[in-house]
Amino acid sequence: MNYLVGAFKPPCNIFISFTDGRSRKQVPLKKENGKTVMVALFQSQENIVGEVVIEPIHGKKVEHNGVKIELLGQIELYFDRGNFYDFTSLVRELDVPGELYERKTYPFEFSTVEMPYESYNGVNVRLRYILKVTISRNYVSNIVEYQDFVVRNYTPPPSINNSIKMEVGIEDCLHIEFEYSKSKYHLKDVIIGKIYFLLVRIKLKNMELEIRCRESTGSGPNTYVETETLAKFELMDGAPVRGESIPIRLFLSPYELTPTYRNINNKFSVKYYLNLVLVDEEDRRYFKQQEITMYRNLEAS
Amino acid sequence: MLLIGAEDEEKWLAEGIAGIQHNAFYLHRALDSNNLRDALKYSAQMLSELRTSKLSPQKYYELYMRAFDELRILEMFFKDESKHGVSVVDLYELVQHAGNILPRLYLLCTVGSVYIKSKEAPAKELLQDLVEMCHGVQHPIRGLFLRSYLAQISRDKLLDIGSDYEGDAETVMDAVEFILENFTEMNKLWVRMQLEGPGRVREKREKERSALQELVGKNLHVLSQIEGVDLEIYKETVLPRVLEQVVNCKDDLSQYYLMDCIIQVFPDEYHLQTLEMLLAAFPQVQPTVDIKTVLSRLMDRLSKYAASSADVLTEFLQVEAFTKLSNAIEKVIEMQVDMPAVGAITLYVSLLTFTLRVHPDRLDYVDQVLGACVKKLSSIPKLEDRWATKQLVALLSAPLEKYNDTVTALTLSNYPRVMDHLDNGTNKVMAMVIIESIMKNNTCISTADKVEVLFELIKGLIKDLDGATDELDEEDFKDEQNSVAKLIHMLYNNEPEEMLKIICIVWKHIMAGGPKRLPFTVPSLVFSALRLVRQMQGQEGDIVGEEVPATPKKIFQLLSQMIEALSAVPSPELALRLYLQCAKAANGCDLEYVAYEFFTQVFVLYEEEIANSKAQVTAIHLIIGALQRMNVFNVENRDTLTHKTTGYSARLLKKPDQCRAVYACSHLFWVDGQDGIRDGERVLLCLKRALRIANAAQQMASIARDSSGPLTLFVEILNKYLYYFEKGNKQITAAAIQHLIELINTEMQSDSATSDAFLASTLRYIQFQKQRGGVMGAKFESIKL
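These protein sequence lines are chains A and B, in that order.
The opening position of the first sequence corresponds to residue 13 in our numbering, with each subsequent residue numbered one higher.
The opening position of the second sequence corresponds to residue 753 in our numbering, with each subsequent residue numbered one higher.
I should point out that these hints are in silico values taken from the structure, not numbers from a laboratory.
No residue lacks a Cβ here, since even glycine has one placed at the ideal position from N, Cα and C.
Just so you know, not all the hints are guaranteed correct.
Unchecked claim - Output of the computed footprint for chain B on chain A, the stretches with three or more beta carbons under 8 Å from beta carbons of chain B:
no., region
1, 41-51
2, 252-263
Stated by the list, open to error - Some chain A residues near chain B, calculated using beta-carbon distances under 10 Å:
no., residue
3, L199
4, V202
5, I214
6, L216
7, K217
8, E220
9, D249
10, P266
11, N309
Make a model of the complete structure from these sequences and hints.
This is the structure:
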């Protein structure tokens, strides 16, 4: 378990565990130090139940002003490092001020916790959920222990899921019509589609489909936009002729995608785009970008 | 950049192969350790080598084959689920994660084939999916090879499916649909190769494309191998779809190859039953396509098929193969306005060959073909093209060869009309072919009508054609005319009346040929007529008394006309000989005045036309020979003629010639046989005269050249003496012979000439007769040597 790394040796060890920890699904989470750990997975409206064990080190006495556990949902913007915006903050008092001589167990429960946002680890922003145990002390710094957990929320398949269909082109040069069967995809979905060449007067070399992720953080003049190409998938090799129709079948499962996040707590958005790129023999690129909505589907995950 | 060096190409190929080998090594390692992830990774990397654009099709093929071998191993691995633990369904998805399309599709095809085999999903859907996904590769060469891989890897599965009758016919259709789809796409890619790159390397490109044609054709081959493809499916689905692609691709190389492929790959029986459909495609292909070769191959196959069994022939009749082919050809020619004459004619040649093989009994078909050809030819100016005329000759020769009987050709009304379209030279060549065919088969042409047609056909040889200005080769001309002369002998009818008609017709034709040709043709005709005369002479009893148009007299009149025509050439020597022949024939017919008339002509010719002394000598000897044989003349007529002959003999220019002619004349007075003339007196007179001339000749020679030349003359005369002596001429005595021998001996001594072989053997002969004893021995006894 996690040990508190303090300035000096802490007088006690704190363990946080979930009641259903053994049966609960674990997912990997990347920590700041680059290490990936497996943590428990929750979704909104779940009861978060567990216990905290405090174990003073061999007979040392721990004097405190009270013990509490907090459930925090935080958004951390990297350009504003150190400032956490807590969008969720729940507290449970575990103990009144006193002294701890021996190992003591505190059960806790947060019932039907509202966790509207998913955990997210982006380029410029991080959204995380933590359980924070604090042993308040006088004169010396509080003893704090954190336990991360991950929240994922599942959405039912959208009732309206139109295809994306569009005719684009450069006059007298290139006219194509492309179609993606859906505009909303779950994370393990397959993009099925077709590109139909209506007019080809340029020598194309190949065509690929990119999945691009656009993360925007902040607002107003402090908006930071980071775009990342997550997938480059070659759809066509060689030059097509007029009337040719090229199939698209792109499995999304190999890629690390998240659902689309729109304006999370007015702090950030994550959007996904399909970018169709045609490259001609002189390596000129012609492209058309289309937004798609990603959602997390319970069945598929 | 345009001309990529072969060296560079080798280098790239080597690099590619090295890349494949490198990744194949790791692939094998992954397979050995049952590591699916690595296997997929390294196979994708290996297949990435196939993404090159730098190689020509041949080199690319080498690279492809390397990769292909590795993929077979990979396929075995995929098949064995126990090794990788992933179901084939998941595997099918897994390989599609590859980012690059070419490796992705190769892997997909490989897994797909395993998937089909596993029967975990309907083959139809998988096949459709594969063929559809392959659309992603639009690069012609890479696409062709990818689809070829798909075809190859699915082939055995298709044959299974296609022959699977346990289900319904639909599974067969699934396989057919798949192949047709793949075929169509491959053909499109193949056609597109032509459009790639600059026009300058068009030829090179065409060559490269030809190298790849089998990839496309293989699809058709697989189709033909699927058992389930019966006539019905072929007719309803396969052929229409393939033809549609052929017609629509508008590419000459492809159209040519595919049409040929269809014809070669599918069974003859199918072709016969779908002839109409197949033929309908021909007029629609590009004008540059070499249709004639393809069509000829079709007809060739069909005619061979027809020959295979008699039952098949009725099928041919049922489907009216000939009519269909003939219509198709007509349409093709009509549509392809720019087709050179040679193409059209070649087509007709093929059709004709087909007709001759399949319907040898239908002369009307043959004539129809020729008629169609005439129609085409009449729309274009006279043929100048060497190839076209060559084909036309082939067209005309075909029936001759087939029927071994030129008479058949003569009944084809369009035959001469086709010949009219040949240029003069070829016309002659063709005429020669006809004549040779007649000669080879020893065909006898026996009616006047046919002779008329025949001469119409070979008129190129018979007379100068309009506009024939080119200088003739003397040798060729002689050959030709000799052939015509030979031909005349092949015209024969037992019926004198018809034969006379034939002769008249021939005469009419050769008259038109002008003086140049007469010396060649007239003798043949004359002898042909003389044969008739002799024949009639044999059957004389039958024809006497009746009003017959063909009488010897009439023929002789004709003959004298013919020979007279020779004077226009002029060719007096020939005429003279022919007159003599006629005289002999008249002699045989007991027509004295006719014979006399001929002799008169002979002498007129001799006097007026034969000026050359050598010719005169020959002529005189011929006359003597002929005259000696004549027995129709009464004494008076004969005297006149012999008198003239001896007279001319004595008046020859050279003394030795005189001498020889004169002693030859002696035979005119001594004819062996029952009622021959035996005028010993005049024989002796001739011989004495000859001796005198010989003497004179010898004196002249000794004065002029101081040598004895004509001693042989004496020996020759001695031989004549001996001849008559033996024959019992009373006027020739042993004493006279003795005297002559002595004379020769004296001459010999005075001349100190070396011994003469002729003399020696003559003397030996006398010696021999003396010793022989008997009557002859007694007779010779008195001669002393």
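Looking back at the hints listed earlier, which ones does the structure fail to meet?
Result: hints 1, 3, 5, 11 break, sorted rising.
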